[in-house]
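*Asks:* Listed below, chain by chain, are the residues.
There are 2 protein chains.
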Amino acid sequence: MPYDRPQGRSPHDHERAGARRLRPPAVRLEEARRDYAELLGRGLALDLTRGKPSPRQLDLAADLLSLPGDRYTAADGTDCRNYGSPDGLRELREIFSGFLQTPVDQLLAVGNSSLELMHDCLVHALLGTLPGAERRWADEERVAFLCPVPGYDRHFALCERYGIDMIPVPMTAAGPDLAEVERLVAADPAIKGIWCVPKYSNPDGTCYSDEVVRGLASMRTAAPDFRIFWDNAYAVHHLTAEEREVADVLAACAEAGNPDRAFVFGSTSKITLAGAGVAFFGSSPANVAWLRGRNAKRSIGPDKINQLRHALFLRDADGVRAHMRAHRALLRPKFDAVLRGFAKELGGTGLATWSTPEGGYFIVLNVPEGCARDVVRRAKEAGIALTPAGATHPYGQDPKDSVIRISPSYPDLAEVEQIIRGVATCVRLVGYEKLVADAAE
Amino acid sequence: MPYDRPQGRSPHDHERAGARRLRPPAVRLEEARRDYAELLGRGLALDLTRGKPSPRQLDLAADLLSLPGDRYTAADGTDCRNYGSPDGLRELREIFSGFLQTPVDQLLAVGNSSLELMHDCLVHALLGTLPGAERRWADEERVAFLCPVPGYDRHFALCERYGIDMIPVPMTAAGPDLAEVERLVAADPAIKGIWCVPKYSNPDGTCYSDEVVRGLASMRTAAPDFRIFWDNAYAVHHLTAEEREVADVLAACAEAGNPDRAFVFGSTSKITLAGAGVAFFGSSPANVAWLRGRNAKRSIGPDKINQLRHALFLRDADGVRAHMRAHRALLRPKFDAVLRGFAKELGGTGLATWSTPEGGYFIVLNVPEGCARDVVRRAKEAGIALTPAGATHPYGQDPKDSVIRISPSYPDLAEVEQIIRGVATCVRLVGYEKLVADAAE
Numbered sequence: 001m002p003y004d005r006p007q008g009r010s011p012h013d014h015e016r017a018g019a020r021r022l023r024p025p026a027v028r029l030e031e032a033r034r035d036y037a038e039l040l041g042r043g044l045a046l047d048l049t050r051g052k053p054s055p056r057q058l059d060l061a062a063d064l065l066s067l068p069g070d071r072y073t074a075a076d077g078t079d080c081r082n083y084g085s086p087d088g089l090r091e092l093r094e095i096f097s098g099f100l101q102t103p104v105d106q107l108l109a110v111g112n113s114s115l116e117l118m119h120d121c122l123v124h125a126l127l128g129t130l131p132g133a134e135r136r137w138a139d140e141e142r143v144a145f146l147c148p149v150p151g152y153d154r155h156f157a158l159c160e161r162y163g164i165d166m167i168p169v170p171m172t173a174a175g176p177d178l179a180e181v182e183r184l185v186a187a188d189p190a191i192k193g194i195w196c197v198p199k200y201s202n203p204d205g206t207c208y209s210d211e212v213v214r215g216l217a218s219m220r221t222a223a224p225d226f227r228i229f230w231d232n233a234y235a236v237h238h239l240t241a242e243e244r245e246v247a248d249v250l251a252a253c254a255e256a257g258n259p260d261r262a263f264v265f266g267s268t269s270k271i272t273l274a275g276a277g278v279a280f281f282g283s284s285p286a287n288v289a290w291l292r293g294r295n296a297k298r299s300i301g302p303d304k305i306n307q308l309r310h311a312l313f314l315r316d317a318d319g320v321r322a323h324m325r326a327h328r329a330l331l332r333p334k335f336d337a338v339l340r341g342f343a344k345e346l347g348g349t350g351l352a353t354w355s356t357p358e359g360g361y362f363i364v365l366n367v368p369e370g371c372a373r374d375v376v377r378r379a380k381e382a383g384i385a386l387t388p389a390g391a392t393h394p395y396g397q398d399p400k401d402s403v404i405r406i407s408p409s410y411p412d413l414a415e416v417e418q419i420i421r422g423v424a425t426c427v428r429l430v431g432y433e434k435l436v437a438d439a440a441e
Numbered sequence: 001m002p003y004d005r006p007q008g009r010s011p012h013d014h015e016r017a018g019a020r021r022l023r024p025p026a027v028r029l030e031e032a033r034r035d036y037a038e039l040l041g042r043g044l045a046l047d048l049t050r051g052k053p054s055p056r057q058l059d060l061a062a063d064l065l066s067l068p069g070d071r072y073t074a075a076d077g078t079d080c081r082n083y084g085s086p087d088g089l090r091e092l093r094e095i096f097s098g099f100l101q102t103p104v105d106q107l108l109a110v111g112n113s114s115l116e117l118m119h120d121c122l123v124h125a126l127l128g129t130l131p132g133a134e135r136r137w138a139d140e141e142r143v144a145f146l147c148p149v150p151g152y153d154r155h156f157a158l159c160e161r162y163g164i165d166m167i168p169v170p171m172t173a174a175g176p177d178l179a180e181v182e183r184l185v186a187a188d189p190a191i192k193g194i195w196c197v198p199k200y201s202n203p204d205g206t207c208y209s210d211e212v213v214r215g216l217a218s219m220r221t222a223a224p225d226f227r228i229f230w231d232n233a234y235a236v237h238h239l240t241a242e243e244r245e246v247a248d249v250l251a252a253c254a255e256a257g258n259p260d261r262a263f264v265f266g267s268t269s270k271i272t273l274a275g276a277g278v279a280f281f282g283s284s285p286a287n288v289a290w291l292r293g294r295n296a297k298r299s300i301g302p303d304k305i306n307q308l309r310h311a312l313f314l315r316d317a318d319g320v321r322a323h324m325r326a327h328r329a330l331l332r333p334k335f336d337a338v339l340r341g342f343a344k345e346l347g348g349t350g351l352a353t354w355s356t357p358e359g360g361y362f363i364v365l366n367v368p369e370g371c372a373r374d375v376v377r378r379a380k381e382a383g384i385a386l387t388p389a390g391a392t393h394p395y396g397q398d399p400k401d402s403v404i405r406i407s408p409s410y411p412d413l414a415e416v417e418q419i420i421r422g423v424a425t426c427v428r429l430v431g432y433e434k435l436v437a438d439a440a441e
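Same order as they appear, the protein sequences are chains A and B. Under full-length UniProt numbering, the first residue of the first sequence carries the number 1, and numbering increases by one thereafter. Under full-length UniProt numbering, the first residue of the second sequence carries the number 1, and numbering increases by one thereafter.
Derived from the structure by calculation, the hints contain no laboratory data. Be aware that one or more of the hints could be misleading.
Pairs count within a copy or across copies, as identical chains cannot be separated in the list.
Said to hold, decoys possible - Keeping only pairs whose Cα atoms sit at most 27 Å apart, straight-line, the calculated DSS-like set for lysine-lysine is: (1) 434 with 297; (2) 434 with 380; (3) 297 with 344; (4) 380 with 297; (5) 297 with 400.
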């Protein structure tokens, strides 16, 4: 594996760090205070809040801006300019069928955002009746979702918006804690779903093991209409030459006799243009027929010109792979800079651990309990905007107040280095303050 | 008024028709049977079901297919390729602000379909709480909408989908029957809304009078959260040189002290590309804040590249007007052909009346009671697909079975002439059959 990175999630040793460790906490706190004062003096205004592609990444798709040119007919003769084709263009669905592990006939291409599709699936499950459901979720006394933590704030926001209770389950290095998930879903028929980002998970970069995928697909659920919301947002977003695969959830569900259990979501938002991409929904024939039927009354058809534009630009699966290697060339140095910066500034302090993702858009920084909010606040005061602490947990409540999400994609490399040095300073300041205060008690 | 058309909605006299009238019904039925047999023999396969723009109309927007070219920045510096800008591009909203009679700060540009926006407003009213509402509509014992008839089948389909009762109210030449609407909404707090296509109404082409607009805006409603769904789908879709104006509903509502009463919808679907356009939502500041808030959890921002593309192509309001004159040059001859065909084939028969729209996409053909389904069936057998009879009424039930919607935009002119001759033959066949049968009773 060619990824030049510290191993594991434990604190990282380093010469300078080793030297630092020898000094007593009060001295280290003084150093951190001086560094923080210096940081404040620099008047930064930097933003690391969201996982947005950088302008240079978007430049990779510049050709899209003048496509489809004089073409407007799909391979099957459809005039892409007019109404219709609710499933989306077949040639585009064919390109993504393999990546999303969904047969092309069970894959819809609709809209510009997979988040919208997840939202709409929730809404239709609330106001309609899912295959296998006894009633609409709106008519249930209580609906709950399992939320592996740390997780994606927008998933949690959708649940909160629709009054769906959120039950956190811990993430492990192989995905959500399967034993805990199995125990919960077997016992409680109100638990109707689980949020999963199976590959290069947001935010901790985890790839689900085959065992976890099979377990989720085959476990006994008290709810007959339980759904896995399989947000495969980073299916092709590798940071290393080893392109990780995750087991095929639809196949696993079908094999286990639960063919309708999983909804698969994906999009080109972080492949082509973040706001002007194409989103995908894949599932069993029954679920696809269900969503197609629900959409039929709402939609006059997706933007097929944009789909044709994407098919012409990406060409085929190899085209997608080549394009993603160009993204990797831009992203990887930023992730390396974060890992290098943390190792240099925090290694050996005992104050932090962090994830070393092989793909996706995020790094998780774990700071001592009770410190994450303070670190984010201190960073903000120094002109560095981070994702709010707690955003990785349901209701914005990280019970240990220790998880910070780092999104290095958008700023340029020099800014990333500056930001990480600044964040590390804040971690040292807050961490040593706590250490000294705890010692004084 | 330069529209070369028969006046009013009454049967049209014509020399040939005059001669036809003199023959007894049984003879006329024989003629119709011969004509229908000849029609069957021609093996037609023509489609007049939906109001789709023709390929030649779509050609008018050919430049869109290679825009925005090397541009990707909005006037305010926004990188349109990335996430964000939930309200949509200001420069595009400015172009449509006047046409949709909505201040630009109260106008959102989102998605590719106003139907989706109408759907989403219903869903959010069901699952959230509208400004002025006492509770979510999902928590009401009953929710009902007024449906002026004839009307748009997709409006009715949305109500049916979400269990919203539909109460038909008759259309007049000035819009929905205001006295009836006032009576109903004053008495029944379950009536939460009314569907309106205020200009060149689908399907009968009616333009609402100022009195009707003011009446709808100011009437007392038993429901505190009553909403006018103002589907201004044909705001700029004139068929004559006289570009009809309809009173400003948002201003009228504000003046009447009901600022939050109207939701305004529009789109470029029948201006630029039917599947690849931009949709708009306009309303009071409170309603806009409400929808913006509901969308915030769902959306990663609209496709701003498509909005930039549209702004560059249309340029300004005059650009839209010029573009719509080019549409008119293509559409008007088809509408004239329909009216000419009906006058020639059905004038003086006493079997049909039809609307003479000054804009929009449809003509209503009224046949004798109990005949519409049979006419559509006979046409289908002869290879002419028409919009199903009843589609213009809630639940697909036209109680008089007499309304047929004619959509002449898509086929080319020669086909329209063929179709209308065929439809007229079916009307004569079914109509005279009924006349002869009724006489025999």
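*Asks:* Going back to the hint list, which numbers does this structure go against?
*Replies:* When the structure is compared with the hints, numbers 1, 3 turn out to be violated.
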